[in-house]
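Since the structure of chain D is provided, determine the placement of chain V on it from the hints.
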Amino acid sequence: MIERERALWIYNKMNEIRNFEEAAYKLFEENKLRGSVHLYTGEEAIASTVCSTLTEKDYITSTHRGHGHCIAKGAELDKALAELMGKATGYCKGRGGSMHIADLSQGNLGANAIVGGGIPIAVGAGLGIKKQHRQNVSVSFFGDSASNEGTFHESLNLAAIWRLPVIFICENNGFGISVPTWQSTSVKNISDRAAGYGIPGFTGDGNDVEEIDRLFLQAKERALRGEGPTLLEFKTCRWRGHWTGDPEPYRTKEEVNFWKENKDPIKNYGKVMIEQGLATQEELDEIAAKAKAKMDAAVEFAVNSPEPDPAHVLDDVFYEG
Amino acid sequence: MKTTYAKAIRDVMASEMKRDDSVFVMGEDVEVLGGIFGCTRDLNKELGGDGYYALDIPNKDREVQHDEIADARCFNTPISEAGFIGAGLGAACVGMRPIVELMYWDFALVGMDQIVNQIAKTRYIFGGKARIPLVIRGQEGIGRGNAATHSQSMESYLMHCPGLKIACPSTAADAAGLLRTAIRDDNPVLFIEHKALYKEKGEVPDDPEFMIPFGKADIKREGKDVTIVANLLYVGRALQAAEQLAAEGISAEVIDPRTLCPFDYDTLVESVKKTGRMVIVHEDHKVAGWSAQVASEVTSRAFKYLDAPIERLGAKQCPLAFNLGLENAIVPQIDEIVAACKKVLYK
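Taken in sequence, the protein lines are chains D and V.
Heads up, the numbering used here is the position in the first sequence plus 143, with the first residue counted as 1.
Heads up, the numbering used here is the position in the second sequence plus 21, with the first residue counted as 1.
Isolated chain D (complex conformation):
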């Protein structure tokens, strides 16, 4: 059983992420969002549970579907949404957008628009931790399809040979855009690939907070003991299309509805929390309401934030000292 304070934190984070993604979707539909965003709706349990035991001295790298990780790793909703809207008040001053949102001060080494692009970076963070003799970990989030990129393979090998405190987390939502994982990937359980690198691998339910927690803490403790990396795979489902605007011809509404109705991580963990006496329904409702209010304020902030000044477009290519 997860201790009450942390359980409440996780429940709140999942709500914040759910609200954030839905707010982003709404802004996209209203044509207020440039480009497209890749929504984490339905996958909230993974980022929230994993990040619930991390500090700003632990690192994460994320994916193009990075809002969830970003928020779970300490991002404030208003600055995050402002970044999605390209505003000067965004985390990256409007220069990164949704797919490049980062906050190094919180140990978030960034969303990454290149599939598999962040995995070696997480390895490097793990290398830095080890060389600094710190008791911290580096978590690499990536999708099922990223496990077919060369960088995945190189990174697992590097972390294994050097016994780095890296936890590789594969969020397997069954698709790489429209290509189902069964079509692109040589193994049914991506965690089987861990054996190829001599490291432990585990598959779990990505919509079950407690299962994620159990597997992650196990991997985290292994890393902190200096025993090296672990590959975790969490099976889940993204409720929305790959990107906002995706017509989704590759799956049925029934398929998605099954997950929405039966495997909603927020609803399900809420039930668990009540069963375990960690919270009352009123408390959970209050958390949900606060999260919603916070999101409304964030939308207000982001929509009314200024655009960055083009006169400064050449600033910060390099650090000038």
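Source of the hints: derived by calculation from the structure; they are not laboratory data.
Since we're looking at a predicted model, the values are computed, not measured.
Every residue, glycine too, gets a C-beta built ideally from N, C-alpha and C.
Check the hints yourself; a few may be wrong.
Cut-off 25 Å, straight-line C-alpha distance, at most; resulting in silico cross-link-like pairs (DMTMM-like, lysine to aspartate or glutamate) [as the list claims (entries may be wrong)]: (1) K150/V with E450/D; (2) K307/V with E357/V; (3) K169/D with E443/D; (4) K150/V with E463/D.
Some chain V residues judged to face chain D by a derived CB distance under 10 Å, without partners named [as the list claims (entries may be wrong)]: (5) D42; (6) A91; (7) F96; (8) G104; (9) I106; (10) G109; (11) V131; (12) Q139; (13) A141; (14) T143; (15) Y145; (16) P183.
Chain V alone, transformed into the frame defined by chain D:
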């Protein structure tokens, strides 16, 4: 102290690692072998290292202690360029100052996403808060019969990408001074050496603080009739061309930009004000080679001083054939540099 280009590089890395614990070197074959060209020879031993490289291989059946990586200052990577280049970025983001050795700059292509999409862009697209004190160094170019995929010049591709500083030293002293600057720079620096220069000797100051600033071209030979701009191996070839021209009464000024980013256009413009004529020569292919950028920029800034269009020389537009005769037919030769200078002098 007179030393070789390779040793100058090695000694700067040693001195910087002793000065700052966060500096470390990783790359292929950098331990026992000392790097494929000797740039990391005995670096480990000098930095208090122990382990694999100190053993009598192959006699010992030793289980490698993985935790050595924590304190290893110079260690081998597997052949995983995308992986270890990206790891260099990650380590640089969390407080380390990695020096990643590429065995050949051609292999940067294997890790190009990490260089162009990740390393070059991280600071800027993340809002300008990150500092990336990463050096990627290695050698390029012709000279060992390594053929098309192991003899290329990479700087033109890389100069094109914003967010990467590029240094390319032509002498031992320049290598030492520029490398120290690169290591102490809080930005990504691509340090491009040349395989045919490693054994060249030069006088290097015995100063552990000896640094050459980026963005400062060096006039390797003063002259008044024509300006020759060249980098790496071609600095030497340009100097030889200048000798030949001198015998014919033509005084050539040879300028080595030393860094392609930042690039010192001012020194080139000042030179053109004096000579009125410029030839730019490099080993890289002429088509879209960095000389095109420089010629265009100098023309823009110094048009009224130019008495002839800027002449450019570079490798012909075909892969670098293996056969030496063919290779020589592809890359610019000294007599071609001489001819180009005469051409802009209408002689």
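Verification of the supplied hints:
no., hint, result
1, K150/V with E450/D, "holds, 19 Å"
2, K307/V with E357/V, "holds, 13 Å"
3, K169/D with E443/D, "holds, 13 Å"
4, K150/V with E463/D, "holds, 12 Å"
5, D42, "holds, 9 Å"
6, A91, "holds, 5 Å"
7, F96, "holds, 9 Å"
8, G104, "holds, 3 Å"
9, I106, "holds, 7 Å"
10, G109, "holds, 6 Å"
11, V131, "holds, 9 Å"
12, Q139, "holds, 6 Å"
13, A141, "holds, 9 Å"
14, T143, "holds, 7 Å"
15, Y145, "holds, 5 Å"
16, P183, "holds, 6 Å"
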